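Given chain A, put chain B in place with the hints provided.
There are 2 protein chains.
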Amino acid sequence: MDYDLTEFRALACRLADAAGAAIKPYFRAQLDIQQKDDASPVTLADQAAERAIRDILHRERPKDGIWGEEFGQHNITAEWVWVLDPIDGTRAFTCGKPVFATLIGLTYQGRSVLGLIDQPILSERWLGDCQNGARFNGEICKTSDCVEFQKARFATTAPEMFNGEDRARIARLTNAAKIMSWGGDAYNYALLASGHIDLVVEKCLKYHDFAALAPLIEAAGGVITDWSGQALSHKSAGDVIAAATPELQQAALAYLR
Amino acid sequence: MDYDLTEFRALACRLADAAGAAIKPYFRAQLDIQQKDDASPVTLADQAAERAIRDILHRERPKDGIWGEEFGQHNITAEWVWVLDPIDGTRAFTCGKPVFATLIGLTYQGRSVLGLIDQPILSERWLGDCQNGARFNGEICKTSDCVEFQKARFATTAPEMFNGEDRARIARLTNAAKIMSWGGDAYNYALLASGHIDLVVEKCLKYHDFAALAPLIEAAGGVITDWSGQALSHKSAGDVIAAATPELQQAALAYLR
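In the order they appear, the protein sequences are chains A and B. One point on numbering: in the numbering used here, the residue at position 94 of the first sequence is 110, and numbering is uninterrupted. One point on numbering: in the numbering used here, the residue at position 131 of the second sequence is 147, and numbering is uninterrupted.
Next up, chain A with everything else stripped away, as it sits in the complex (with noise of 0.2 Å):
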């Protein structure tokens, strides 16, 4: 390996700060909701943490690129890009659960090395990367070691995500699981890399939505690919499976096919 992570994580825990202190003023507070092109909503908050993050980006990394849901791409072929996401489950936080995460990812030569998700209401946050392992605030963390879908924690977002065929194997997982909980957004990957849920699935999610998952995932033991077993790229479609083993990971890829 040819770098060195010890700056870049203390610089992504500052971005994460940033970013939380930017994000709370506005938690249960009166917001105005407004709807992107995409019809997935925005808030000042989304945009003020996004614009913390970038600040310090631009003053202190300013060769680096930015890869961000906000305010978009810039200089994204260099060496080191930061994938940002200020506010992943938007809608929780305007419904003012405690379960949205700043989600902050860093590729190096295009490929995924660190993943941060912050929970700044909570004061939690999850950091992973291939040289530090994953962490739960500071602590070692690893994902749970079930292998059989009858007994595990199974978690996803919201039924929107799935139509057509993909509806019928969703309903399939979520029959023979042992636990099924719906929301939660990054936060379900969070408590997978803690050992606290098994099994994640969904579909179309956005780069800057798995960008910062693959690097924590991994670090902490378990499994994360799209839906036919492949590694997750800025190219993938985005539909996105994450096991705590790879033989639950296997199991629920029969399901899906």
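No lab work stands behind these hints, which were simulated from the structure alone. Just so you know, these numbers come straight off a predicted model, no measurement behind them. A hint or two may mislead.
To be verified - With a Cα cut of at most 25 Å, we get these calculated SDA-like pairs of lysine to any residue:
1. B:K167 - B:I137
2. B:K194 - A:K167
3. A:K167 - B:Q50
4. B:K52 - B:K194
5. A:K52 - B:I49
To be verified - Sample of chain B residues lacking proximity to chain A, with all beta carbon distances greater than 12 Å (derived):
6. L60
7. R70
8. K79
9. H212
Beta carbons are placed, not taken as given, at the ideal position from N, Cα and C, and that holds for glycine.
Here is chain B on its own, set in the frame of chain A:
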């Protein structure tokens, strides 16, 4: 009114304290999940929390009735009856999500007079009754002034609640609302009482799931009925609609017809 709720409010808070103390050691711990006859999950935490509440009631209010999710009915023809759901949202609880709740309802001569929703991990408590209004952590709270469905934040727990034609009805609501948020269980009703969610629609709740909700929602200025607009009671089928305003309730009822 021929009764004073002051002491009952204090007692309800002590019951919730005891339940929270029983629950906390189990949150995000390794925990066996059993399935009940109705296929819903139960853990040692649910049982320990209800037992903690019942111990206090047996000691301090031996003549009162108890209607609990885990340990059944005791003397429910008494003047005062406590209706208990020690962990509403056991699925969320087993996934490590801090959005489950302890529900404590109190009826006087069959009428719901006090309701408490407690989230012990976040130290969040909603308490409502007809004499002291609705309070969140001691401060007065109220529902939003949302009257239009197109501006509403709509929440419901799980698509599995709805079958056949009901599923199409909920899809119509989901498409028409400004924001749709899945998951949440009783926590959604608590957020409605604080003005962060505008509408909750659910199906087939049990009496222990909704007995604590009506006194809180009504004291906060909202409306809660069944799907035909009738008041909820222990005889209700458990099809619940809760809205921030009467206008929004009427608009939602029209979608459900």
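Which numbered hints fail: 1, 2, 4, 5, 9
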